[in-house]
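Asks: These are the residues of each chain, in order.
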Amino acid sequence: MRNPALLPARIWMGMFFAAPLAIICCYGFLTRGDYGGVERPWTFENFARLIDPLYAAVVWRSIWIAGAATAFCVILGFPLALFIARAGKHAGLYLQLVLLPFWTSFLIRTYAWIFLLRDTGLVNSALESLGVIRSPLPLLYNDGAVLIGLVYNFLPFFVLPAYATIERLDPALLEAAADLGARPLSTLFRVTIPVSAPGIVAGAVLVFVPCFGAYLTPDLLGGGKSVMIGNLIQNQFTTARDWPFGSAASMLLMFASALLLAWLMRSRIGRELM
Amino acid sequence: MYAALVLVFLHGPLLVLIAFSFNANRFTLWQGFSLRWYGAAMRDAQLSEGLLNSVIIALIASAVSTVIGTLAAYGIWKRPAPLLSGAMYLSLATPEIVTGVSLLAFYQFAFRLIHLHLGMTSVIIAHVAFSIAYVAIVVSARLRNYDRSLEEAAMDLGATEWRAFFRVTLPSLAPAIAAAGLLAMVVSFDDYVITSLVAGVDSQTLPMVIYAMARRGISPVVNAVSAVVVVAFGIVILISQRLQQR
Amino acid sequence: MPAVLELRDLVKDFTGQRAVDHVSLSLETGGFYSLLGPSGCGKTTTLRMIGGFETPTSGEVLLDGANVNALKPYERDVSTVFQNYALFPHLTAFENVCFGLREKGVGDRENRAMRALDMVELASKRDRRPAQLSGGEKQRVALARSLVLEPKLLLLDEPLAALDPKLRKQMRAELKAMQRKTGITFLFVTHDQEEALSLSDKLAVMNTGRIEQFGAPEDVYLRPRTAFVAGFLGAINWFGKAGVRPESTRVCREEPSGVPCRRAAVESSLFLGSCVHINAVLEDGGRATAEMAREQNHFREGEAVWLYWEHCDELRFDEHRPQ
Chain A
1 MRNPALLPAR
11 IWMGMFFAAP
21 LAIICCYGFL
31 TRGDYGGVER
41 PWTFENFARL
51 IDPLYAAVVW
61 RSIWIAGAAT
71 AFCVILGFPL
81 ALFIARAGKH
91 AGLYLQLVLL
101 PFWTSFLIRT
111 YAWIFLLRDT
121 GLVNSALESL
131 GVIRSPLPLL
141 YNDGAVLIGL
151 VYNFLPFFVL
161 PAYATIERLD
171 PALLEAAADL
181 GARPLSTLFR
191 VTIPVSAPGI
201 VAGAVLVFVP
211 CFGAYLTPDL
221 LGGGKSVMIG
231 NLIQNQFTTA
241 RDWPFGSAAS
251 MLLMFASALL
261 LAWLMRSRIG
271 RELM
Chain B
1001 MYAALVLVFL
1011 HGPLLVLIAF
1021 SFNANRFTLW
1031 QGFSLRWYGA
1041 AMRDAQLSEG
1051 LLNSVIIALI
1061 ASAVSTVIGT
1071 LAAYGIWKRP
1081 APLLSGAMYL
1091 SLATPEIVTG
1101 VSLLAFYQFA
1111 FRLIHLHLGM
1121 TSVIIAHVAF
1131 SIAYVAIVVS
1141 ARLRNYDRSL
1151 EEAAMDLGAT
1161 EWRAFFRVTL
1171 PSLAPAIAAA
1181 GLLAMVVSFD
1191 DYVITSLVAG
1201 VDSQTLPMVI
1211 YAMARRGISP
1221 VVNAVSAVVV
1231 VAFGIVILIS
1241 QRLQQR
Chain C
2001 MPAVLELRDL
2011 VKDFTGQRAV
2021 DHVSLSLETG
2031 GFYSLLGPSG
2041 CGKTTTLRMI
2051 GGFETPTSGE
2061 VLLDGANVNA
2071 LKPYERDVST
2081 VFQNYALFPH
2091 LTAFENVCFG
2101 LREKGVGDRE
2111 NRAMRALDMV
2121 ELASKRDRRP
2131 AQLSGGEKQR
2141 VALARSLVLE
2151 PKLLLLDEPL
2161 AALDPKLRKQ
2171 MRAELKAMQR
2181 KTGITFLFVT
2191 HDQEEALSLS
2201 DKLAVMNTGR
2211 IEQFGAPEDV
2221 YLRPRTAFVA
2231 GFLGAINWFG
2241 KAGVRPESTR
2251 VCREEPSGVP
2261 CRRAAVESSL
2271 FLGSCVHINA
2281 VLEDGGRATA
2291 EMAREQNHFR
2301 EGEAVWLYWE
2311 HCDELRFDEH
2321 RPQ
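Chains as they are written, first to last, in the numbering used here: chain A, 1 to 274; chain B, 1001 to 1246; chain C, 2001 to 2323.
Derived from the structure by calculation, the hints contain no laboratory data.
Hints may contain errors.
Unchecked claim - With a cut-off of at most 30 Å between alpha-carbon atoms, the simulated BS3-like pairs for lysine-lysine come out as follows:
1) C:K2241 with C:K2202
2) C:K2152 with C:K2072
3) C:K2104 with B:K1078
4) B:K1078 with C:K2072
5) C:K2104 with C:K2176
6) C:K2181 with C:K2072
What the hints assert, rightly or not - Derived coverage of chain B by chain A (criterion: at least 3 residues anywhere in the stretch with Cβ under 8 Å from a Cβ of chain A; other residues may be distant):
7) 1003-1017
8) 1062-1076
9) 1079-1088
10) 1200-1214
11) 1231-1240
Glycine included, each C-beta is placed from N, C-alpha and C at the ideal position.
Input sequences plus hints: build the corresponding full structure.
Replies: Below, the structure written as C-alpha cells:
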C-alpha cells in the first residue's frame, strides 16, 4: 500500500466522479429506449443530431452568449483590476469588496436579477413611477437578461487573475515608457495591456468556460426562451427522457470545457500563474 | 470613480433584495418597514423542511469530505499523485449540470443492482464527491508552507508515520482543516443544480424550495429567506478566511 | 566491543548522480566525530542514511554491530538535531523535550525532561513556545529533546550554521562540554573546518561523495593525504608540486641558502594584530601568503623578495593540485 492516505479519495472519486462520467460517455453512443431507458444499438446518431439546425442553434447560442459575457467581463473588469492594482495598501480591501458577493448563494444572486428585471420588478416599477414608461419593459426572460446575470456572477473570475498579473507588473517598465515619451494612455495600450495579456487571457478563459456550461442562469433568467447547452442537457435528462442524446451533449460540453482549461494550464500562461 | 460604479453593480442587486425583504408591501412599491415576510418564512413548512434537510446534508457531507480531502491533500504533499490531482481539478472544472446528470445516470444504473432510490443518501454522496476538491485545495495551500523536517524530527524521536501525522502535522493544519470544512458546508448548502437532479421526491433542500418560490415569482418571502442566507453565508465565509490566515 | 557506528561501503544514488560513493567509517563509543566537507560533498546525505531518512542504494549501516538498513527512524537508537532545529511549533519547550519520551513510553517523563532542560540551562523557559525563543535557545531545546532519549549516537546536521559568529563560538564550547558530560557519541556535520578541527576527536573529510581522510585533527592538518584535504583544512601555498602552509613560509630580502626558495614580488602586507600576512606574486604568476611575526611588518608593496621554507614542511601529493 504505497500511500494509504489517498485511498478514501481515490475510491470516492473513482466511484462517484469518474465512473458516472464514464457511464455518460457510454450512453452518448447508445439509443433511447421506448420508455425512456437506454439500450443498444451503439450509434453515432446522437452526435449527428447535435449538428442538426435545431440543436446547433443551442450550441451556437451558448457560444455567443458565453463569448459576449466574457467580452463584457473583460471590458468592465480590466479597468477595475487596474484600479485595484494601483490602490496600493487598500488593494486587499477592494479585492474583498469585489469578492464579497461571490461568497453568497449563487441561486440568490441570480434571483436578485429576477427581482430587479421582471415586469413587476424594481426597475420597471421605478421607471413607471417616474413616468418614463407606461407599461413594463420585457427586461427578463431573454438573452439579454441571461447575459447580465452571467456577467454579474462571473466578473470576479476575471478580475482576480487580471489583478494578479497587473500587480506583478514591474513599475520600472511604466517609468521607462514615460521616459521614452509615452503618455499615460499610450503606455496603457502599448505596455500595460500587452504585458498583462497572460492574465487577461486566463481571466477570459476562466469566465468563458463556466458561462458556456451555464444552466441555472439561463434557466432562471431566460425562461424557456434562452436555451443553452446546460438547459438542453437538463431537459433531455428530465422532461424529454432522451438520456443518450443528453449524454452526447454532456460529452460535448465536458470536452470543450476540459480542453480549454487544459490548454490554459499547460500554456505559458498557466505556468506563469502557477 | 469607475470602481465605485462597478462595486455598486456588484453589490446593488443583493442589497436591494435584502432591503425589500423589509417592505411591508407585497409588491415592489415601498410601503413601509415590516418584518411580516420573515414571520411568514418561519411559518412556512416547506422552508423549514428544506432548511432542516440542507443542514443535515451539509453537516454530514462536509464532515466526510473534510476527512477525505484532508487525507488526500496530505498524501499528495508527501508523494505526488498526478491522477488523483487531475481528477480533483477536473471535478472543479466540470460544469455542474454534467456532474449532476452523470450521477443521476450512475444512481439509476447502480440501483438496478442495489435496491435503493434517490433520497438524502444520494444527495450526500454527490455533495461529498464535489466538495473533496475544495477541501483539498484549502489544506494543500497550508501544506505548501509547512516544514517537512518537523515530521522527520517526530519520526527521529520515535513516532511512526501516522503518530507523526497526528501529533505534529494535524495540530498545525487544524485551522486550515476547519476553514476547509466551513467552505465545504457552504458549497454543499448552496448547491442547486446537482441536488435537484439526484434528490428524489422526499428530500427537498433549501435551495430547491427557494428555486420553486423564485420560479413562481411573487412573494417577498423569498427576499426574506435570501437575506438570512446571505448574512449566514457571509459570516461563515468570513470565519473560514480568518482561519486560513492563522 | 563493536564500534558504535560502522558504515560499510555505503552508496547513495539519486537520479543522475551519485551523492555518496562507497563510504566506509567506524566510530568508537564516547567520541566527538565530524564529517567535514564543502556543500554537495554528500555529508548530509550520509547523515540522513544513518538517521534512517534515506535508504542506501548499497552498503550497510551498522549500529553496535547490527545492520539497521531496514529500520525506520523511529526504530533506531539514533537521534538527530536538525539544521533548522525542527521544533514543534504548537508545543512548549518542555513538551518538545517530552515528545520522544512519550513516544517511547518512558516513565518519569517530567523529571527526565526537566533534567535535560536544566542541562542546557533553559529550565526557566520551559513553557515558552519555539516562536518565543532565540536561535541559540531553540538549538539548545533541540539538543535537550534528543539527548533526553539517551541515544547511542547523536547526529548533528550543521546545527550552528544559522547562528551569528559570536554565538557560534559559545555554542561550540557548550556542545563539546555536553558531549564530554553525557558520554554519548556525537557525529557532527559541518563545512566549517575551524569547527571540525576544534571540536573533534577524529574527523572525516569528504569530497564528492568520498571520504578522503579520517583521522585526528593534528593528523589531518599536518599530514593531509590529498591535495583537497590540505587545501580545505587551511590555506596552502603551491610552489610547483610542493605545498607549504603560510605559517611555514618565510620572507627575506637576500637569497637564503640551504632551504628551498622562490623569487617573488610583494603584492600587499596586512597587519593583523597578532601576526602579519604578506601576499606575494611568484615569477610564474602564482600567489603565495607568508605568515610572519608581527615585528616583521617592514616589507613594502612592490619589493622583490625571496620566499623560503623548511623542506620537511612540504606537503606533496600524487595527483595534480587543485586550481
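Asks: Run through the hints listed earlier and report the numbers of any the structure violates, in increasing order.
Replies: none
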